[in-house]
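Add chain D to chain Y, keeping to what the hints say.
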Amino acid sequence: MPSDPALRVKALESLLVEKGLVDPAALDAIIDAYEHKIGPRNGAKVVARAWTDEAFKQRLLQDASAAIGEMGFLGRQGEHMVVVENTEQVHNLVVCTLCSCYPWPVLGLPPVWYKSDAYRSRAVIDPRGVLREFGLELDAAVEVRVWDSTAEIRYLVLPQRPAGTEHLSADELADLVTRDAMIGVQRLAAPGGRS
Amino acid sequence: MSVPERPSPAALRLDAPAFARLPRDEQGPVFAEPWQAQAFALAVRLAAEGCFTWTQWAHALAEQLHAAKGRGEPDDGTHYYEHWLATLEALVAAKGLCDPRALRERKEAWADAYRSTPHGEPVALAAEGKR
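Residue numbers (the working numbering), protein chains in the order written: chain Y, 1 to 195; chain D, 1 to 131.
Don't take each hint at face value.
Keeping only pairs whose Cα atoms sit at most 30 Å apart, straight-line, the calculated DSBU-like set for lysine-lysine is [as the list claims (entries may be wrong)]:
1. K45(Y) to K57(Y)
2. K69(D) to K107(D)
3. K95(D) to K19(Y)
4. K19(Y) to K107(D)
5. K95(D) to K107(D)
6. K69(D) to K95(D)
The hints are simulated quantities; they were obtained by calculation from the structure and are not laboratory data.
With the rest of the complex left out, here is chain Y (with noise of 0.2 Å):
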């Protein structure tokens, strides 16, 4: 017997379907794009062409949903997408304290601990001990930044690019950026080095 929300999800999905308000093959495609190609890996790319083309870059700082979209990751919920830029005097955090606002084209879905309520409440209270529990440990000249996250704007952090990278090409550079980097809790180590 499956559990109770299994059977609920059933529930709601058969009578929403035979109304015609969904389509279960629309239901199927969305499943699929994101267990398989809407990912942090878009947003990977987004920061290395960042990196290594620096028009690309002034325009994602300007308007990051028509730079991004460019690339061709554009969102489903009419977002506005901002990108955060950080730097050796700004650290930039990102967060939802209302429900788990994230941008889903460039970094799929959320990881379980962006969703918990000790990050919401934390992160803005306390962004230096959130992130010393990810073991990030900031420079106290460094400010930090904290985005909250709405259904309308999504925010991007632009992670600095690790010293030691000048040869790499954007796809390789692209290897190297995390998820994490990109919502703020981590900063990027070089290939084989440390941060």
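Below, chain D without anything else, positioned relative to chain Y:
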């Protein structure tokens, strides 16, 4: 904001990070069970069909999360899709898309179908008249 003292590397190792105790998934899909993926897709699809806006969805989900916190339920992210499903049920009822009673009856009909279907055979609902 006060800046905490930098802990020594030894202290960092001993103090197990709170977030590390949560199921830290690697980059990639995060559905724990198939029903979570189905519930996710239903919400995305209904929004795409214009049954509700994504802003309405986010607010309704936030209400569910807030209510769960008020009931003292642990909110570590692992029950997220249960709240997602409750939001879906509440929103389809509020929008008049599905009657809550019809949903309950349909759920029971599926449970009956699972109980009465021999192992290995596809599960189907009984004909309309028998429900």
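Taking the numbered hints from earlier one at a time, note which ones the structure violates and give those numbers from smallest to largest. The structure breaks none of the hints.
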